[in-house]
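Visitor: Going by this note's numbering, the first residue of the sequence shown is number 153, and it counts up by one from there.
In short, the hints are calculated from the structure, not lab data.
Careful, some of the hints might be misleading.
Simulated pairs of lysine-lysine, DSS-like, Cα-Cα distance not exceeding 25 Å [stated by the list, open to error]:
| no. | residue 1 | residue 2 |
| --- | --- | --- |
| 1 | K232 | K257 |
| 2 | K528 | K571 |
| 3 | K528 | K572 |
Okay, the calculated beta carbon distance ranges per label pair [unchecked claim]:
| no. | residue 1 | residue 2 | range |
| --- | --- | --- | --- |
| 4 | E408 | N506 | 51 to 59 Å |
| 5 | S400 | Q231 | 50 to 58 Å |
| 6 | E450 | R359 | 37 to 45 Å |
| 7 | G250 | L362 | 15 to 23 Å |
| 8 | H456 | L362 | 53 to 61 Å |
| 9 | G412 | D339 | 49 to 57 Å |
The structure displayed is predicted, hence computed values, not measured ones.
We put the CB at the ideal spot given by N, CA and C, even for glycine.
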Amino acid sequence: MRAALWFLGLFGIAVAVALFAGNNQGTVTLYWPPYRVDLSLNMVLLLLVAGFTTVYAALRALAALLELPHQARRWRAQQKERAMHTALLDALTHMLAGRFLRSRKAALASLAQEHALQAAGEAVPHARQLRALAHMVAAEGSHALQDRATRDQHLHSALSEAPARGNQHDQGLREGAQLRAARWTLDDRDANAALEWLAALPVGATRRTLALRTRLKATRLAHQTQDALDTARLLAKHRAFSPAAAQSIVRGLAIELIQGAHDPTQLQQVWLGLDPAERAMPELAIHAAQRLASLGGEPAQVRHWLLPLWDRLTQASDPLGDQHALRLVRALEAGLTDLDAAWLSRIESAHQANPRDTRLQYLAGVACLRRQLWGKAQQLLSQAAQQLDDSGLRASAWRHLAELAEQRGDADAAAAAWKKAALSR
153 MRAALWFLGL
163 FGIAVAVALF
173 AGNNQGTVTL
183 YWPPYRVDLS
193 LNMVLLLLVA
203 GFTTVYAALR
213 ALAALLELPH
223 QARRWRAQQK
233 ERAMHTALLD
243 ALTHMLAGRF
253 LRSRKAALAS
263 LAQEHALQAA
273 GEAVPHARQL
283 RALAHMVAAE
293 GSHALQDRAT
303 RDQHLHSALS
313 EAPARGNQHD
323 QGLREGAQLR
333 AARWTLDDRD
343 ANAALEWLAA
353 LPVGATRRTL
363 ALRTRLKATR
373 LAHQTQDALD
383 TARLLAKHRA
393 FSPAAAQSIV
403 RGLAIELIQG
413 AHDPTQLQQV
423 WLGLDPAERA
433 MPELAIHAAQ
443 RLASLGGEPA
453 QVRHWLLPLW
463 DRLTQASDPL
473 GDQHALRLVR
483 ALEAGLTDLD
493 AAWLSRIESA
503 HQANPRDTRL
513 QYLAGVACLR
523 RQLWGKAQQL
533 LSQAAQQLDD
543 SGLRASAWRH
553 LAELAEQRGD
563 ADAAAAAWKK
573 AALSR
């Protein structure tokens, strides 16, 4: 369509020129005493157009000739700039490939090309960002080569090229350099230095997933368990881990925090500082109860912490696993001192509701033993000792039976029970 319009336009121009030139009888007379020159108007117009075209072409040729030195200088600068970018790309490629010595050499070559351009007066608009990036690549290579002095030198050079109050690109480069510095110091097992680098980040940058991951490792290395637990909660909230991995990390840190408590009061503060979902974890509740019992805490408090798990054990809608149920029975057994009537009723009701559960039968026998109900304890423990699958509980049941036999003066029954307890291990 466009070509057809061009042809129509050309035909129109040709017709107009033919009409104008074909019937044009005008002349142009030039007087140059004593001469007189008569020229047709068409010839004069053609000479004017030809003269204008000749002068224009001559001026363009002269301008192109004078522009040759400038074009040569731009071409040389362009080649240097291309070499600079090529060297930086090579540095990044070698770094990803694990060739750290070549990566550092390529980064230094890129810096040298940039300095040459700057000395020649051909500064690159993004020279500062490029220098900062090249220094960071060189620092990364030096860190991999265990050259800490060179790494720190390039790191400070990169930070100087990316001021804190610069534009958005400068701030991004500076935050990236600080995060890398924190990772490097963490690799050097210097947790305090890593935390200092993280503290120097802006508030928004400290909540990024990479920063939180680094903080988690640094706080765990520095044995700051509470800070590590708070960081792990944030990472779980940001879905930085899978649900199972997040639960495992939080559980491990909480257990470490519980284990670090040195008295019942401190353990109580740690327990109250946990989230409700964390206190509902069977591992944490059982470990906290056992730790409280080992620290001499109140048995009633131990049983209170284990009450939610007991409810899960006795309810079929949300049962505990076999391993957790076994640990719960052992933890309750350790906290049955000064057993009150309410808990005795709970245990007996659970045993009556689940008469085939030998673990509940064993626990009911121990509860009766603590309440000095010797006959009932003898009956329950005798039945449980014959059917318990766990060797530890079976040996414990026989020990209790041996103690009861010694208490009533039956030496033969006590010896037989002690023998079976030894064989059950």
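Visitor: Compare the structure with each hint and give your call.
Guide: Outcome of the hint check:
{"no.": "1", "hint": "K232 x K257", "result": "17 Å, holds"}
{"no.": "2", "hint": "K528 x K571", "result": "23 Å, holds"}
{"no.": "3", "hint": "K528 x K572", "result": "21 Å, holds"}
{"no.": "4", "hint": "E408 x N506: 51 to 59 Å", "result": "35 Å, violated"}
{"no.": "5", "hint": "S400 x Q231: 50 to 58 Å", "result": "56 Å, holds"}
{"no.": "6", "hint": "E450 x R359: 37 to 45 Å", "result": "40 Å, holds"}
{"no.": "7", "hint": "G250 x L362: 15 to 23 Å", "result": "21 Å, holds"}
{"no.": "8", "hint": "H456 x L362: 53 to 61 Å", "result": "41 Å, violated"}
{"no.": "9", "hint": "G412 x D339: 49 to 57 Å", "result": "26 Å, violated"}
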